[in-house]
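Quick mapping for you: the protein sequence lines, in order, are chains U and Z. All residue numbers for the first sequence refer to my numbering, where the first residue is 683 and numbers rise by one. All residue numbers for the second sequence refer to my numbering, where the first residue is 690 and numbers rise by one.
Keep in mind that the hints were calculated from the coordinates and are not lab data. The structure displayed is predicted, hence computed values, not measured ones. Among these hints, one or two may not hold up.
Cross-link-like lysine-lysine pairs, in silico, DSS-like; alpha carbons within 25 Å at most [to be verified]:
#, chain 1, residue 1, chain 2, residue 2
1, Z, K874, Z, K765
2, Z, K765, U, K754
3, Z, K828, Z, K874
4, Z, K823, Z, K840
5, Z, K840, Z, K765
6, U, K754, Z, K874
7, Z, K840, Z, K873
8, Z, K873, U, K754
9, Z, K828, Z, K840
10, U, K754, Z, K828
11, Z, K828, Z, K765
Derived Cβ-Cβ restraints for the label pairs, each shown as a range [unchecked claim]:
#, chain 1, residue 1, chain 2, residue 2, range
12, U, D744, Z, P766, 23 to 29 Å
13, U, T830, Z, T824, 30 to 36 Å
14, U, P811, Z, D745, 25 to 31 Å
15, Z, P766, U, P811, 33 to 39 Å
16, U, G857, Z, G816, 49 to 55 Å
17, Z, P766, U, G773, 56 to 62 Å
18, Z, D719, U, G752, 55 to 61 Å
19, Z, K828, U, G750, 23 to 29 Å
20, Z, P734, U, G752, 24 to 30 Å
Chain U is faced by these chain Z residues, among others (derived, beta-carbon under 7 Å) [stated by the list, open to error]:
#, residue
21, T750
22, G763
23, T838
24, D885
25, A887
Glycine included, C-beta positions come from ideal geometry on N, C-alpha and C.
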Amino acid sequence: MLTAMTAAALALAALTPTDAADTPPGRVTIDVVTVNGSGCPAGTAAVASAADNTAFTVTYSDYLAQTGAGAKPTDFRKNCQLVLRVYYPQGFTFGIAQADYRGFAHLATGARGVERANYYFQGMSQSTPRTHTFTGPMSDNWQATDRTEVGAIVYAPCGEQRMLNVNTQLRVQGGASFMTMDSTDASFSTNYHFSWKKC
Amino acid sequence: MLNILAAAAMTMSTIIIPPGGAPGDTPPPDHITIDVVTVNGSGCPAGTAAVAVSPDNKAFTVTYSEYMAQVGVGAKPTDFRKNCQLNLRVNVPQGFTYGIAQTDYRGFGHLERGASGVQRASYYFQGMSDTRRKTHTYKGPLSDDWQATDKVEVAAIVYHPCGERRNFNINTELRVAAGSSDPKKTTSFMSMDSTDGAIETTYRFSWKRCP
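Let the sequences and hints guide you as you build the complete structure.
If you want it as structure tokens, here you go:
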């Protein structure tokens with residue numbers, strides 16, 4: 683497909699080939715299609731998907747927001763956007779999507795670090811941001827978890843399919859501080875699923 | 690032969706029909722579909738943009754790793770404006786098609802008091818001088834995420850029985866002006882994280898040749 687060609691030409695950080703003809707199983711599965719952003723430029727992120735495609739881990743080598751000595755004025759905010767292809771089985775599916783963010787923060791007294799993830803579907807203006815704030819003094823690992831109920835009704839196996847975007851960002855306010863993200867983990871657990879057949 | 694009415698105010702009588710191109714290898718389906726052909730510009734040089742097209746080819750997401758315009762401390766004099774141009778192949782079915790193209794721009798802005806930032810997109814068809822521009826302006830003080838949405842009407846008449854393919858350009862840009870803020874002491878910037886596009890086919894007539 684042209685999609686794949688374009689992607690290759692643009693030197694994606696990560697690309698998982700997908701086959702539209704695949705029949706989705708009786709649960710929600712995900713593929714990580716692209717990983718890109720100021721905090722994860724090409725070659726700095728690694729993706730590991732679970733064998734059953736219900737979970738994945740992205741690790742970063744260069745995802746760091748900072749202020750103070752050695753930092754450029756624009757370094758206080760970095761982002762990394764994941765584009766996910768979500769396969770819903772035909773029928774009604776209900777499950778839980780969970781994302782865990784882990785990293786390290788060194789925040790001076792009075793400084794603040796923010797981890798925010800913005801969730802939205804490709805082509806739709808509506809965005810759902812989730813924010814976690816850490817305050818200095820702090821020099822330790824941090825972890826944040828977002829959990830969302832996912833209910834999907836897919837009437838036809840060839841219905842509209844939109845990629846799920848997860849745009850994460852780190853922001854640091856205050857002097858001589860930094861915050862890194864080491865990893866992003868996400869999993870989809872399918873709690874129940876009804877399917878139906880054509881009359 | 691394809692024509693796009695970028696301007697909502699345009700009427701049927703103003704349609705200009707460009708010369709026909711070679712038919713594609715496969716006839717397009719019943720609705721408008723898109724492929725991202727190239728992504729390039731000062732804000733998205735090679736290796737810094739990633740593209741994800743939806744499986745039904747009706748939507749796409751482009752993400753950027755260094756699309757940022759800035760002024761002030763640490764900025765070069767030419768950094769106040771950056772652009773990224775998307776070239777899309779639009780597959781239009783035979784007949785008359787009407788739809789809405791929606792683009793969502795998302796990013797982060799840090800503007801000092803007195804500074805301002807602009808996100809602008811120009812929409813035009815390859816080889817046609819008719820350009821539609823949409824501009825969104827932000828004023829400092831601001832240090833937060835921003836989001837802008839453009840909706841452009843798309844109308845096409847294609848006489849070729851197998852439909853046609855035309856390349857559509859979206860030239861996005863970010864600009865930052867220091868205004869009354871002090872660029873010797875502060876830095877103002879606008880960055881773009883992602884551009885999302887989707888084309889929704891609203892209605893369509895097709896026709897057949899008389900016997």
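- [ ] Please name the hints from earlier in the document that this structure breaks, with their numbers sorted from lowest to highest.
- [x] Numbers 5 and 7, in rising order.
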